[in-house]
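Visitor: The primary structure of each chain is shown beneath.
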Amino acid sequence: MAAASAAARRDRLVGYTMVAPVVLGSLAFVVLPLGMVVWYSLHEWNVLANTFTFVGAENYQRMAADPGLADALTATLWFSVGLVVVNIALALLLAVLLDQKLPGTTTFRTFFFSPVVVSLVAWTIVWSFLLQADGGINGFLGALGIEGPNWLRHPTTALVAVVIVQVFKNVGLNMILFLAALQGVPEELHEAARLDGAGAWRRFRSITLPLISPTILLVSIITIVGSLEVFAQIDVLTGGGPGSSTTVLVYYLYQQAFRFNEFGYASALAVLLFLIVLVLTLLQWQSRKRWVFHEV
Amino acid sequence: MKSDVRPRGLTPRTRRGVTRWLLVLLLAVLSLPFVFPTWWMATSSLKPMSEILRRVPTVWPQDPSLDAYGRVFTLQPFAQQYWNSLYIAVLVTLGTMLVAAMAGYAFARIRFPGANALFVLVLVGLLVPSEVTIVPLFRIVNTLGLIDTHWPLIVIPVLGAPAVLAVFIMRQFFLGLPVELEEAGRIDGLGRWGVFWRIAVPLSRSALGAVAIFTFLKSWNLYLEPVVYLSSKKNFTLPQALTQYVDAYGGPMWNVQLAATTLTVLPVLVVFLLAQKQFVQGLAHSGLKG
Numbered sequence: 001m002a003a004a005s006a007a008a009r010r011d012r013l014v015g016y017t018m019v020a021p022v023v024l025g026s027l028a029f030v031v032l033p034l035g036m037v038v039w040y041s042l043h044e045w046n047v048l049a050n051t052f053t054f055v056g057a058e059n060y061q062r063m064a065a066d067p068g069l070a071d072a073l074t075a076t077l078w079f080s081v082g083l084v085v086v087n088i089a090l091a092l093l094l095a096v097l098l099d100q101k102l103p104g105t106t107t108f109r110t111f112f113f114s115p116v117v118v119s120l121v122a123w124t125i126v127w128s129f130l131l132q133a134d135g136g137i138n139g140f141l142g143a144l145g146i147e148g149p150n151w152l153r154h155p156t157t158a159l160v161a162v163v164i165v166q167v168f169k170n171v172g173l174n175m176i177l178f179l180a181a182l183q184g185v186p187e188e189l190h191e192a193a194r195l196d197g198a199g200a201w202r203r204f205r206s207i208t209l210p211l212i213s214p215t216i217l218l219v220s221i222i223t224i225v226g227s228l229e230v231f232a233q234i235d236v237l238t239g240g241g242p243g244s245s246t247t248v249l250v251y252y253l254y255q256q257a258f259r260f261n262e263f264g265y266a267s268a269l270a271v272l273l274f275l276i277v278l279v280l281t282l283l284q285w286q287s288r289k290r291w292v293f294h295e296v
Numbered sequence: 001m002k003s004d005v006r007p008r009g010l011t012p013r014t015r016r017g018v019t020r021w022l023l024v025l026l027l028a029v030l031s032l033p034f035v036f037p038t039w040w041m042a043t044s045s046l047k048p049m050s051e052i053l054r055r056v057p058t059v060w061p062q063d064p065s066l067d068a069y070g071r072v073f074t075l076q077p078f079a080q081q082y083w084n085s086l087y088i089a090v091l092v093t094l095g096t097m098l099v100a101a102m103a104g105y106a107f108a109r110i111r112f113p114g115a116n117a118l119f120v121l122v123l124v125g126l127l128v129p130s131e132v133t134i135v136p137l138f139r140i141v142n143t144l145g146l147i148d149t150h151w152p153l154i155v156i157p158v159l160g161a162p163a164v165l166a167v168f169i170m171r172q173f174f175l176g177l178p179v180e181l182e183e184a185g186r187i188d189g190l191g192r193w194g195v196f197w198r199i200a201v202p203l204s205r206s207a208l209g210a211v212a213i214f215t216f217l218k219s220w221n222l223y224l225e226p227v228v229y230l231s232s233k234k235n236f237t238l239p240q241a242l243t244q245y246v247d248a249y250g251g252p253m254w255n256v257q258l259a260a261t262t263l264t265v266l267p268v269l270v271v272f273l274l275a276q277k278q279f280v281q282g283l284a285h286s287g288l289k290g
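Protein chains in written order, with full-length UniProt numbering: chain A, 1 to 296; chain B, 1 to 290.
Check before you lean on any hint, since a few could be wrong.
Here are the simulated DSBU-like cross-link-like pairs (lysine-lysine), alpha carbons at most 30 Å apart as the crow flies [claimed, not checked]: (1) A:Lys169 <-> B:Lys234; (2) A:Lys101 <-> B:Lys277; (3) A:Lys169 <-> B:Lys277; (4) B:Lys218 <-> A:Lys169.
Output of the computed footprint for chain B on chain A, the stretches with three or more beta carbons under 8 Å from beta carbons of chain B [said to hold, decoys possible]: (5) 47-57; (6) 72-86; (7) 150-160; (8) 165-176; (9) 203-211; (10) 249-262.
If you're looking for bench data, these hints aren't it; they were derived computationally from the structure.
Quantities reported herein were computed from a predicted structural model and do not represent experimental measurements.
Every residue gets a Cβ at the ideal spot worked out from N, C-alpha and C, and that includes glycine.
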């Protein structure tokens with residue numbers, strides 16, 4: 001008995017030792033910074049002027065009245081909605097096409113997935129080159145007799161460009177998740193519907209779509225959360241411009257902190273970003289629970 | 001309409017064949033925006049600036065040269081930057097594998113008071129985008145005097161929020177591993193560490209592989225953190241270095257930039273083509289984070 005409890009105690013000690021690095025790391029690099037960011041957000045803090053004064057909720061009041069933030073939130077909304085719609089639609093289309101057991105499917109899957117492993121900055125640089133006024137895309141449009149716009153210099157096309165670059169970069173990942181879901185749809189259901197005379201589109205709408213809808217919801221939320229964390233693409237492709245048309249929330253935060261040295265205000269923006277991501281992630285976990293339930 | 005009462009004429013079958021080839025054609029067209037940029041990157045890096053700026057683009061370089069590749073290394077300490085990215089990514093990957101395997105195993109297998117609370121504490125990291133904590137982390141790194149060193153790029157990912165997903169995946173894996181496999185080792189007189197190193201870790205190769213792949217890529221592609229922490233070119237990592245190929249007026253030197261980009265992308269693409277299945281599985285894991 002005494003030996004057993006000694007063994008149990010030793011086992012416990014091993015347990016604490018094994019989790020120690022990640023627990024201490026989380027305390028130092030996640031929990032402590034989170035607390036600090038909340039604390040900073042209650043201060044007026046300009047690094048260059050070396051001022052650090054407690055101002056209470058002033059930064060939050062400033063947020064409510066800041067037209068720059070309103071613009072950033074609008075840009076974020078457009079970007080996220082555009083991204084999620086195009087990404088999900090394209091991922092679903094590609095997954096359905098790859099599920100048809102057509103010749104060359106493996107090769108095409110490789111093609112669609114390959115940008116996922118390409119460095120984000122590298123991918124963005126290449127697209128930036130392609131999207132120049134005299135770049136490859138307009139060159140080919142010109143060959144077809146179409147005069148392309150100066151993509152990165154107009155507010156609307158710049159936002160569209162950022163969405164497109166991001167979609168082609170990551171849609172392969174969602175495609176794989178959808179493909180797995182499609183392959184989980186029982187073949188017998190399709191067979192039965194086919195015998196009842198249902199066409200391909202009807203079968204897709206009435207059988208496939210309802211059965212994979214939990215996956216669609218889950219993937220949509222993941223994509224929205226991901227769309228809130230687009231720093232590199234914006235920095236390389238547009239630098240937030242033209243004007244502030246592509247200055248999304250994370251980029252606005254970065255500018256406030258590291259361009260204007262407004263660490264206090266940037267921290268209040270970080271709190272806002274954290275709350276948005278928190279709500280979305282909790283939604284995702286909720287939907288996943290339902291998803292797992294659905295599977296069982 | 002039953003398929004076996006359908007007339008067996010050629011027409012429906014031919015029509016189905018045509019539809020299939022049209023779908024293949026559609027797939028081919030859809031692959032263009034995925035494949036063409038890489039092709040364009042590689043071929044443009046072989047063109048002189050005069051050819052790049054030509055009004056009508058040339059699909060194949062007319063006068064291919066490796067000049068741009070030479071300038072990649074003279075304009076910046078690119079070899080040094082390449083080495084920086086490589087050794088940082090390798091250290092982060094090995095460190096994350098070790099930390100995540102240990103923590104994942106302990107959270108899945110060992111009973112100790114507070115295990116659940118500690119696990120929830122660790123999971124908080126999944127909720128925090130790196131942009132949220134970048135200001136305080138910058139202050140911490142600054143206070144420790146580690147600005148413009150590689151320490152924050154190695155230590156924070158291994159122990160902080162980026163490692164949490166790896167811990168989560170390893171824990172899931174060990175939860176699914178039959179306990180009987182370990183009991184044999186116990187009977188042979190192995191202690192907890194012995195069971196972990198000799199039995200659990202070797203059995204977890206597939207999960208560790210997934211962790212290794214997405215951790216390496218994440219570190220290799222990291223951008224915000226190097227931009228915030230590093231200031232001298234000799235310390236830069238690749239993604240940051242790629243953006244620095246500009247002429248005296250701030251205009252990009254496309255062929256040089258694309259040459260550097262090609263050097264960054266091609267090795268990863270080659271490894272991806274060789275180990276495609278592992279990449280797809282590993283990254284699908286990371287896509288489903290949380």
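Visitor: Could you tell me which of the hints above the structure violates, numbers in ascending order?
Guide: The structure conflicts with hints 5, 6, 7, 9, although it agrees with all the remaining ones.
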